[in-house]
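Residue numbers (numbering that gives the first Met the number 0), protein chains in the order written: chain A, 0 to 499; chain B, 0 to 499; chain C, 0 to 439; chain D, 0 to 439.
No lab work stands behind these hints: they were computed from the structure. The model shown is predicted, which means the values in this text are computed figures rather than measured ones. Just so you know, not all the hints are guaranteed correct.
[Said to hold, decoys possible] Here are some chain A residues pointing at chain B (derived, C-beta under 7 Å):
(1) Val45
(2) Thr52
(3) Tyr75
(4) Gln102
(5) Met397
(6) Asp398
[As the list claims (entries may be wrong)] To be clear about the criterion: a stretch of chain D counts as covered by chain A if any three or more of its residues have a C-beta under 8 Å from a C-beta of chain A, and this derived list gives those stretches:
(7) 142-150
(8) 168-179
(9) 182-195
(10) 223-233
(11) 252-260
(12) 365-374
[To be verified] Under the rule of at most 20 Å between Cα atoms (straight-line distance), these lysine-lysine pairs were calculated in the PhoX-like manner:
(13) C/Lys393 x B/Lys53
(14) D/Lys301 x A/Lys1
(15) A/Lys383 x A/Lys359
(16) A/Lys469 x A/Lys451
The beta-carbon is built from N, C-alpha and C at its ideal position, and this holds for glycine as well.
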Amino acid sequence: MKLVFEHSSPGARAGRIPIPPELSVPAVPDELRRRRPPRLPELPEVELVRHFTKLTTRNFGIDTGFYPLGSCTMKYNPRVNERVAALPGFRDLHPHQDEDGAQGALELMHDLQEMLAEITGLYAVSLQPAAGSQGELTGLMLMRAYFADRGESEQRRTVIVADTAHGTNPASVTMAGYELRKVATDARGNIDLDDLRGKVDDSTAGLMLTNPSTLGLFDEHIEEISRIFHDVGALLYYDGANLNAVCGISRPGDMGFDIVHINLHKTFSQPHGGGGPGGGPIAVREHLEPYLPVPAVVREGDRFHLDYDRPKSIGKVRAFTGPFGVFVRSYAFILGWGAELRTMSEDAVLNANYLLARLKDAYDLPFDRLCMHEFVLSARNLKKEHGITALDVAKRLMDYDFHPPTIYFPLIVPEALMIEPTETETKGTLDAFVDAMLAIAREAADEPETLKTAPHGRPVARLDEVKAAKRAIVRYRFEDHPDLTAEPTAPAQVEAPKGA
Amino acid sequence: MKLVFEHSSPGARAGRIPIPPELSVPAVPDELRRRRPPRLPELPEVELVRHFTKLTTRNFGIDTGFYPLGSCTMKYNPRVNERVAALPGFRDLHPHQDEDGAQGALELMHDLQEMLAEITGLYAVSLQPAAGSQGELTGLMLMRAYFADRGESEQRRTVIVADTAHGTNPASVTMAGYELRKVATDARGNIDLDDLRGKVDDSTAGLMLTNPSTLGLFDEHIEEISRIFHDVGALLYYDGANLNAVCGISRPGDMGFDIVHINLHKTFSQPHGGGGPGGGPIAVREHLEPYLPVPAVVREGDRFHLDYDRPKSIGKVRAFTGPFGVFVRSYAFILGWGAELRTMSEDAVLNANYLLARLKDAYDLPFDRLCMHEFVLSARNLKKEHGITALDVAKRLMDYDFHPPTIYFPLIVPEALMIEPTETETKGTLDAFVDAMLAIAREAADEPETLKTAPHGRPVARLDEVKAAKRAIVRYRFEDHPDLTAEPTAPAQVEAPKGA
Amino acid sequence: MTYATLTDADRSAMLEAIGLSSIDELFRDIPSGVRFDRPLALDDPLTEQEIVGRLEELAARNVHAGEELSFVGAGVYDHYVPAVVDYILQRGEFLTAYTPYQPELSQGVLQAIFEYQTVICELTGMDVSNASGYDGTTVAADACYIAKHATGRSKIVLAETISPQVRQVVRTYAPGFGMEVVDVPHRDGVVDPEEFRAAAEGAACAIFQQPNFFGCLEAAPQLAAAANDAGALSVAHVDPISLGVLEAPGAYGCAIAIGEGQSAGNPLSFGGPHYGFIAAREEYTRRMPGRIVGETTDVHGKRGYVLTLQTREQHIRREKATSNITTNQTLLALGGLIYLCWLGPEGLQEVGETCMALAEHAKERLELPLLFPEQTTFKEFGVRVGRQAQEAIKDARAQGVNPGYPLGRDYPGMDDAILVAVTERRTVDDVELLAEALAE
Amino acid sequence: MTYATLTDADRSAMLEAIGLSSIDELFRDIPSGVRFDRPLALDDPLTEQEIVGRLEELAARNVHAGEELSFVGAGVYDHYVPAVVDYILQRGEFLTAYTPYQPELSQGVLQAIFEYQTVICELTGMDVSNASGYDGTTVAADACYIAKHATGRSKIVLAETISPQVRQVVRTYAPGFGMEVVDVPHRDGVVDPEEFRAAAEGAACAIFQQPNFFGCLEAAPQLAAAANDAGALSVAHVDPISLGVLEAPGAYGCAIAIGEGQSAGNPLSFGGPHYGFIAAREEYTRRMPGRIVGETTDVHGKRGYVLTLQTREQHIRREKATSNITTNQTLLALGGLIYLCWLGPEGLQEVGETCMALAEHAKERLELPLLFPEQTTFKEFGVRVGRQAQEAIKDARAQGVNPGYPLGRDYPGMDDAILVAVTERRTVDDVELLAEALAE
Ligand SMILES: Cc1ncc(COP(=O)(O)O)c(C=O)c1O
Ligand SMILES: Cc1ncc(COP(=O)(O)O)c(C=O)c1O
């Protein structure tokens, strides 16, 4: 379909912001004034609405159908959350509004902090990080501050990460100025303890672990692991991406973790918005609280305020107090489940195990255990026997109107299919998905071509990613469409009256 | 696709309204209590959202594309109108709120009345009618009241309607207790004056006329027509469905009409909502004001109030003061155009004539004149030469992603294609539509089968309407789907404590 | 010219294609005598942000249900409308479509209307429903028009306990139909089946409301029987929100069920737009007014939906049509469909029982004489405040509580009576505040 | 259990299929020592209407921009966001999708991001933009990380006239990057190009803000040249709303342009979520952080869009990635795209000029000493109120006017200074009210 720029017609308008007739526009020094107007498209509102409406119809969301994208917790986003986030008292509240004009917002954040502390089993929470990755980086900065405070900055140089870890973990380690040490996974999908013992010493700052892991498996030795790190004075960081598996069932704090990030857009239903926004609050033990970002949202009697007076704080990791609109949605979501939040995780794990039980004969299962909220299958046999890859399976699923699972991650599983149904799917949906997966396994043998040419009947067929990276066309080439590059007509600059 | 009932699974829930635990439910006398619960579907919110989201994707609106449905004025509906209609001060305002708690709403209605009076060139306006058809009926009731007041009820028995009129006109005449007299159309598309003169006498209550007519033509003898009726003491009713052609250009009041209805969902952009809601305010001359529905919205100084004290009023034609939410949207729309409203009609007429000019060689044009905001072509030649009907042309247009025009109306034009582009379409869209229409005319000759089998690639192909009318299946047949008719589990009726 | 889509360049190119040199020439067929030769006396065009500013200012001058504790009902009720309803109705494919004349492009709305018709039939126990009427008043007139043709009779019997607005609208329509209206007075808040039976003799239809305007439960089965026995069409005007708790009109023999749909899925919106529903027994299918969607198959045998039985309608039958309705209330009716699906059978019973329980609780807490102490009520009831209701309401509103509707407006001898509506949006604590506000 | 989707019947059927007899068995791999054995200390579940009630109550305890006349800016601005933006962003196909990993199902979001990247490149005069950064502060840290690898240097130069929050965030990130920060003080509200040049010697990057935090226009071309001459990456932090009036950073030689996108299409939302944008010259394409969408063709040669240059990213490059960002601010960035398309080039210039004209008018009307009388300002300016700014603000707020941001919070010696922001949502009359409120 056309790009919005290809709908542009010179002089067409949607929005107008006329300059108040009684005023004149002050002069901008010549060398600072814009010469060539940006080539924004010119079109009436009706064309704008049709263009973007059409774009949405070429996109698949949870509202479209089942979206078992492993590790991303694509659960249904209750519509009421959008209603409350749009309340003027939240949506139109300025972040510099002074505290007595923002008590409702501060109370909401304080409540949410306490909910997250209870759910994670930790002492203090900062809502500031913008997403899980930033939560990770913030957590590692806390480690730095903590060890610096103890005069161990020089000594503590390495952070240990499991080979099953999400790419953000190693990336965060580097950005935080630490050295990465990778630890292997054992035959049951747990961290290999022997390998681990060999890598942990007093140069170790800490561990970053996802538990349940990206394999969807709960580490059976978590208590021992925690002992190993704490014995050398190191800290344990919990990547909360999989928290949806254990709410009310097992708390990171109780597992021995010192720092946790929570992905509000996963466990607590902030819609993913085509890639974001998210929220990555972090929760910590009491001895780490002094290092949390400023400002802290604190309660004093029945008033709430922003505390900047935290001399040991690492500082700020983003503007203001975090993505407030995300907090509103997650807060509303938690209110909906309330004390029964455990059922959410139980159902998420039940759904995953149900799929696992019904699929494990048709696909291979690298680690044959009960899973938690997700599990990883491998298409390795399909590939060996029929040349059908995980990618082919994924594309074919589209023909059955399902969004594919995460594929080729975690890296230690060849031809990985990482499936996370979440708790918001019905048995009927899961059964339909199973039928599709089983049919695809049969098709791999009977009609492999159908899979290799999938998907069918979508706006585009498989795209050439190599070409994309080679040509690197990352913006519209007006040059190639001279008809559209006509300089837009801009109103002449009004001169300011001299004096007056 | 499935019906919502076919997604039902016993015990599934979306909304919950628990009975306050501290209260008990009073007993309902046995013979009045519901025995068998209604078979509403049982499904979680995620399934509800997916079902209705999917339904929307199987529907075509103005936001989807060009919708030149003649006589319906399918113009773009500015999104800002939805924003303002949703303001709590409007959306959550109770119609029995007393006047000092509803001054904003009353002022809005009073302003809108004055705008409509100015646009129609008449004296007084009632916003009460729910749509154009009800406006017609209300207008005819006004005639009855007016003549009754003059002691002419017995004498004034007939209402004259043009043979080009919309079906609602004759239907309204009957419902109002009048006899219908049809008048013919002459060779230029005007009312046949000779025929008319023969039918108008002192038994005539009035005329109902659409001007411009449903042919999209302005009656060149409107002044003479008005004289003919007024000379015998009859009244002229203006069907305002085509008002979009003449705002600021020619006013019904100035044409000689005594009563006018306005379709707010046409000229003034209330979205059509898949069939409604609409608004059908009526405007009248001063001598008819006393008969308008109650309550009237009147101004007293800078306060507004509802006047029920109208002894000669016909009474009420619907609840309260009319479809208020519709008023908000139309009011906002008129504020947007303001004094430049004339440009809206000019552009609507320009768009129509542009299409007409470019299409009249390929299709025949029963009345070769400049048109107003719409025009009527005929596929009669295509039918004679290639057996291609107006219906085939309409269905084929869908393959080009256009909504078809109105077809087979007005009745006096065989194989009618009634095209109304409105002012909100770009030249680019009109050109694309012309290209499609011309291509279809060629296809009629070259590949008639393609037209007869159109549309292609839509959720359904042409549907069997005869079968539909014969079987008259107008509700879901649970009987035919026993698996779904399982009695839903309803909580046991709580008994009220005896005494206490 | 906020909304102009054409540019001046477009305009001249198009005029040229038409062969004209000015916009004015487009209007040459308009006799000069009727041309409008001055600018319209309207204000200058406003930009979007100015429009919002102006409307916000007007909206701020209304006191809406979120600003005071309101117990006002009397035909329109403050029930909770879930977010899913607003969201779906705002999607452009529904919002900006019109009547589904072209089924291949309109299966979304057609199927939704078919689902709506089914839900209405399920609630009312009837066989056929149309796609909606204007509101709860006009569907009563529709029922009379059906009855006139079905029975050839001209008498309309109305229980005095029907909403005054419904009765007023029937009175406005009746003369055009060539029908006359007879009222049956209430006895202690409800109509007496025997009086109703007597009045129904020779009538085309006899209409009652359940629960009635006073919130009281009528002896609906007897009233229906009375009408049926007299050969009149028995018509029940019902509140959809009550039909999880109260029996369906079809189950006690009514010929037609009608009602105001607002309480099920529409906002208050100062009285509209809302939707009226009308459903009937199969035998009246071909006398139904307005749009009806039917199931059929396409040329490949695939299930699909179309507007059907159109020979009833104005665009085909013209002066012989069963009604003149064209534009109806589809979007609001779809709101009702989504709401009722959101509730499901359990939710519908829950909301009804919750309203009933709260209303009953309020009756006790208010410690004021009930208007009709003998009657069972649903979500609404009348109390006597011992002085002019208007004053009591004014005083209560000064304390932020709007206690209800002054019945004296419509019924003689009830100047001291207030009709109190209690929906699931009110709480036990709210009832305390109401009690306090009405106390002094 | 408001949100539970499974029924008990489902649960038992599924457990049976798995071969378990209880939910607890699902968790047998969890060591008993770390199992949580009490209910979570959270309140009872709320229904939808209860959730709305609770949140409305909290929202009511905030004073939002519609409730007082606000001139507060300082990094987040009350510009008008048109209704089309909200509508499109609320459509579930965008709202509930995630990162477009599967392009065949995600062309909508992919094309929209490609359009967004184009619009950002057009505004800034750069060659490449990513799909968004977290906000206007973190993109500054991203720029430093690029500069570190591009230059092998470790010094970051920050103009003191950059938003304090941006500077704080850079300071927080720098140690992890192994970089140190040097500030260049302001001289009468702007930085001196010569001082900037001196500081930029041996630096990885030198960052300034245009218009700066005080609303003043920097000699941006000279600052960029100073950085470039020193072999440092010149980075401009710009306000998108200003770029219809002010020159594009690319046009005066900057290497990187960053900024806070909120002012273009996002609500205030108490500071987030918003979007940060970062755009650079072509040579830095492969050092860009985060998602980038590229154009390509499908197997049939049809144009389509995919996530590209992914070898930069964490999921492939792991510890060598150009950034750890994964979830970003796509939805907010799309809001920016729709907003900027709604404005078009003329609208963008109009809004900039309107803000400038109103701000200039306010400067005159206030009749208070300007903080930096010598400087040209855009939509924001500092005034001295002759007493503690905090008090002046308190007093003004008591009259319903919030006059601005107290600069003393961040800058010594400015305890009596208020930063006043004037957007197109304010009117000439509003300025009068501000003048009155600050008068006494
Ligand atoms: C296991 C894991 N860790 C970390 C992240 C990063 O979180 P975010 O995308 O919120 O930055 C993700 C999700 O992308 C993840 O799945
Ligand atoms: C010419 C004409 N008259 C009357 C009507 C009836 O108006 P409404 O649909 O608003 O009842 C219409 C539209 O349907 C129409 O086109």
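Hint by hint, here is what the structure shows:
1. Val45: holds, 4 Å
2. Thr52: Holds, because the Cβ-Cβ distance from A/Thr52 to chain B comes to roughly 5 Å (cut-off 7 Å).
3. Tyr75: A/Tyr75 check passes; min Cβ-Cβ to chain B is 4 Å, inside 7 Å.
4. Gln102: violated, 21 Å
5. Met397: violated, 16 Å
6. Asp398: violated, 16 Å
7. 142-150: It is violated: at least three residues are needed, and the segment 142-150 of chain D offers just 1 whose Cβ sits closer than 8 Å to chain A.
8. 168-179: holds (count 8)
9. 182-195: Result for this restraint: violated, n = 0.
10. 223-233: Violated - the segment 223-233 of chain D has 0 residues with a Cβ nearer than 8 Å to chain A, which falls short of three.
11. 252-260: Violated: only 1 residues of the segment 252-260 of chain D have a Cβ under 8 Å from chain A.
12. 365-374: Result for this restraint: violated, n = 0.
13. C/Lys393 x B/Lys53: With a Cα-Cα distance of about 49 Å, the restraint between C/Lys393 and B/Lys53 is violated, given a limit of 20 Å.
14. D/Lys301 x A/Lys1: Holds. D/Lys301 to A/Lys1 sits at ~12 Å (cutoff 20 Å).
15. A/Lys383 x A/Lys359: holds, 17 Å
16. A/Lys469 x A/Lys451: Distance ~24 Å between A/Lys469 and A/Lys451 Cα, so the pair is violated.
Comparing the model with each numbered hint stated earlier shows that hints 4, 5, 6, 7, 9, 10, 11, 12, 13, 16 do not hold.
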